[in-house]
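In order, the protein sequence lines correspond to chains A and B. All residue numbers for the first sequence refer to the numbering used here, where the first residue is 17 and numbers rise by one. All residue numbers for the second sequence refer to the numbering used here, where the first residue is 211 and numbers rise by one.
By construction, these hints were calculated from the structure, which means they are not laboratory data. Be a bit skeptical, because a hint or two may be false.
What the hints assert, rightly or not - Covered stretches of chain A (in silico footprint by chain B; criterion: 3 or more residues with CB under 8 Å from a CB of chain B, positions within the stretch not fixed):
no.	stretch
1	90–101
2	174–184
As the list claims (entries may be wrong) - Quick list of the computed label-pair ranges, beta carbon to beta carbon:
no.	chain 1	residue 1	chain 2	residue 2	range
3	B	Arg436	A	Leu174	38 to 44 Å
4	B	Asp404	A	Ala24	38 to 44 Å
5	A	Ala119	B	Ala343	40 to 46 Å
6	B	Gly251	A	Ile98	46 to 52 Å
Claimed, not checked - Facing chain B, from chain A, some residues (calculated, C-beta under 10 Å):
no.	residue
7	Ala86
8	Leu169
9	Gly170
10	Phe244
11	Met257
12	Arg260
13	Met262
Glycine residues also receive a C-beta, built at the ideal position from the N, C-alpha and C atoms.
Each chain, written out:
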Amino acid sequence: MRAAALFAGSLLIALALWQFLSTAVFNPFLIPPPLVVLKTAAPMAQSGEIFRHVAISLARVGIGFSVGSAAAIVLGVLLGRIQLVNELLDPIIELLRFLSPTAMIPIAVIWFGIGELSKYFLIFWGTFFIVLINTTAGVMRAPVIRQRAAQCLGASPLQIFLLVVIPSAAPYIVTGMRIAMASSFMSIIPAEILAADSGIGFLLQQSSVLLQTNRIFVALLTICVIGFIFDRLFRIAVDRMLSRYMSYVALT
Amino acid sequence: MLAVRNVRKLYGEDARRELALDGIDLEVAPGEFVCLVGPSGCGKSTLLNILAGFERASGGEVEFEGVPVRGAGKERVMFFQDAGAALLPWLNAEENVRFALRVRNVPRGEWPAIIDKYLAMVDLAEHRHKFPAQLSGGMRQRLQIARALAVEPKVLLMDEPFAALDALTRRRMHGFLLDIWQRTGTTIVFVTHDIGEAVVLADRICVMSPGPRARITQVLQVNLARPRELTDPQAGQLFKRVEALLA
Numbered sequence: 017m018r019a020a021a022l023f024a025g026s027l028l029i030a031l032a033l034w035q036f037l038s039t040a041v042f043n044p045f046l047i048p049p050p051l052v053v054l055k056t057a058a059p060m061a062q063s064g065e066i067f068r069h070v071a072i073s074l075a076r077v078g079i080g081f082s083v084g085s086a087a088a089i090v091l092g093v094l095l096g097r098i099q100l101v102n103e104l105l106d107p108i109i110e111l112l113r114f115l116s117p118t119a120m121i122p123i124a125v126i127w128f129g130i131g132e133l134s135k136y137f138l139i140f141w142g143t144f145f146i147v148l149i150n151t152t153a154g155v156m157r158a159p160v161i162r163q164r165a166a167q168c169l170g171a172s173p174l175q176i177f178l179l180v181v182i183p184s185a186a187p188y189i190v191t192g193m194r195i196a197m198a199s200s201f202m203s204i205i206p207a208e209i210l211a212a213d214s215g216i217g218f219l220l221q222q223s224s225v226l227l228q229t230n231r232i233f234v235a236l237l238t239i240c241v242i243g244f245i246f247d248r249l250f251r252i253a254v255d256r257m258l259s260r261y262m263s264y265v266a267l268t
Numbered sequence: 211m212l213a214v215r216n217v218r219k220l221y222g223e224d225a226r227r228e229l230a231l232d233g234i235d236l237e238v239a240p241g242e243f244v245c246l247v248g249p250s251g252c253g254k255s256t257l258l259n260i261l262a263g264f265e266r267a268s269g270g271e272v273e274f275e276g277v278p279v280r281g282a283g284k285e286r287v288m289f290f291q292d293a294g295a296a297l298l299p300w301l302n303a304e305e306n307v308r309f310a311l312r313v314r315n316v317p318r319g320e321w322p323a324i325i326d327k328y329l330a331m332v333d334l335a336e337h338r339h340k341f342p343a344q345l346s347g348g349m350r351q352r353l354q355i356a357r358a359l360a361v362e363p364k365v366l367l368m369d370e371p372f373a374a375l376d377a378l379t380r381r382r383m384h385g386f387l388l389d390i391w392q393r394t395g396t397t398i399v400f401v402t403h404d405i406g407e408a409v410v411l412a413d414r415i416c417v418m419s420p421g422p423r424a425r426i427t428q429v430l431q432v433n434l435a436r437p438r439e440l441t442d443p444q445a446g447q448l449f450k451r452v453e454a455l456l457a
């Protein structure tokens, strides 16, 4: 109750500040006031234009993020479990992870064109390293005592791996995925601005060229809302399915 | 029988090599309760890890029932001081015991009866649905005991199991452990730096010298009736003797 009231309060403050900045400090062209943005958004929603762009961006994030997470978890487990693999690959990873998805846009366009594949690749790229590093850390930090305890109770190496190591790493993996998802929502935008003919980023780019600040604001607001919703959905899903693996982190 | 012959353990490399254990000899009879007492850093835990099969000895032999120990074996179950780390925190009390039965390939049909039996034995039947984080330190140790006993090991290796508990809880755990030991007849090798604990529990006390190059310097047979009290003059005498050996 209190949290909901404070959340609403926070939104109200933001709206008031927005209105104040747009009318009293700057001008309504540079910062379109809330009502104007709403009026711009209505027909865009009605015609389905905005949802079309959202759906395209979401599909790109969804595919890039899923494939990136899956690949990173598999490789991360190997890195965390096999010393040699770790020693061979860690230096490369430590170098490559500084190449943000944005830095990879030019080469991605040359490699994959401006179609969907280049966007999948860029989201994959951004997701992969974040999830990889977290997964490796989680697997490596699975307590030795916990593994030994299972071992002397009679667990086989495979059982130790599946029933002890992976669940121990789960909180790290999930945390990495959550950070990666937020970063995916951020990096899809520059990718679409620079090389796309659809998606929220494209909407931003197109509106900017036409100096339609009101439409830019609609797009920006959409990004905020979509990112927020998906982060919440992710948290709810984790709470539902993985709470027993997550809750102990704070407790032990 | 668990036999340790001239076990040596080297740590480190080249110039920095250190001999942690320098020729340990020990024989533990079936059903016996042996305490290894020594100052911190004398290699007690290392020796226990070698007995469990987690670490290899650099020299010498460890045999269990005539077979050389070559790795962790189901008949020797280790009991850790940090129950929070040893238990699986995402499983509740009952599920932790079930985990042991599962990895031990105990037939599924027998699980409920075994779980009930051992949770009752450690007085945790009412707390079976609680997670380790919801249990007190003593309760967690009891759960670890239940989990270890559920797979009916022949030897229980205990590494300062109660050192992290408060004095009162520790005393209760001693009574508890003795009771269970007498009922199950499990062989126990118990490592501690607490002389009082060794005097109260052991059939035999092995005193270790400070490391590196640790050895067992003295073996004392304890022929006092249980339950023992440290206030008892004979127990007090034994305490002083061990203390003098460690000084």
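Results of checking the hints against the structure:
1. With 0 residues bearing a CB less than 8 Å from a CB of chain B, the stretch 90–101 of chain A misses the requirement of three and the coverage assertion fails.
2. Three residues within the 8 Å Cβ limit are the bar, and the stretch 174–184 of chain A against chain B gives 4, so the coverage statement holds.
3. At roughly 43 Å, the beta carbons of Arg436 of chain B and Leu174 of chain A sit within the given window of 38 to 44 Å.
4. The hinted window of 38 to 44 Å between Asp404 of chain B and Ala24 of chain A is violated, with their beta carbons roughly 59 Å apart.
5. Distance hint check: the CB atoms of Ala119 of chain A and Ala343 of chain B are about 43 Å apart, consistent with the given range 40 to 46 Å.
6. Between Gly251 of chain B and Ile98 of chain A the C-beta distance comes to about 32 Å, which lies outside the given range of 46 to 52 Å.
7. This hint is violated: Ala86 of chain A has a C-beta 22 Å from the nearest C-beta of chain B, more than the 10 Å allowed.
8. Satisfaction of the interface hint for Leu169 of chain A is found here, the shortest Cβ-Cβ separation to chain B being roughly 5 Å, below the 10 Å cut-off.
9. The restraint placing Gly170 of chain A at the interface with chain B holds, with a minimum CB-CB distance near 4 Å, inside the 10 Å limit.
10. Of the supplied interface hints, the one on Phe244 of chain A is violated, with its beta-carbon coming no nearer than about 29 Å to a beta-carbon of chain B, more than 10 Å.
11. The criterion of a C-beta within 10 Å of any C-beta in chain B is not met by Met257 of chain A, whose closest approach is roughly 12 Å, and the hint is violated.
12. Interface restraint check: Arg260 of chain A against chain B, minimum CB-CB distance 4 Å, threshold 10 Å, status holds.
13. At its closest, the beta carbon of Met262 of chain A sits 9 Å from a beta carbon of chain B; the interface hint therefore holds under the 10 Å criterion.
Against the hints set out earlier in the document, violations occur for numbers 1, 4, 6, 7, 10 and 11.
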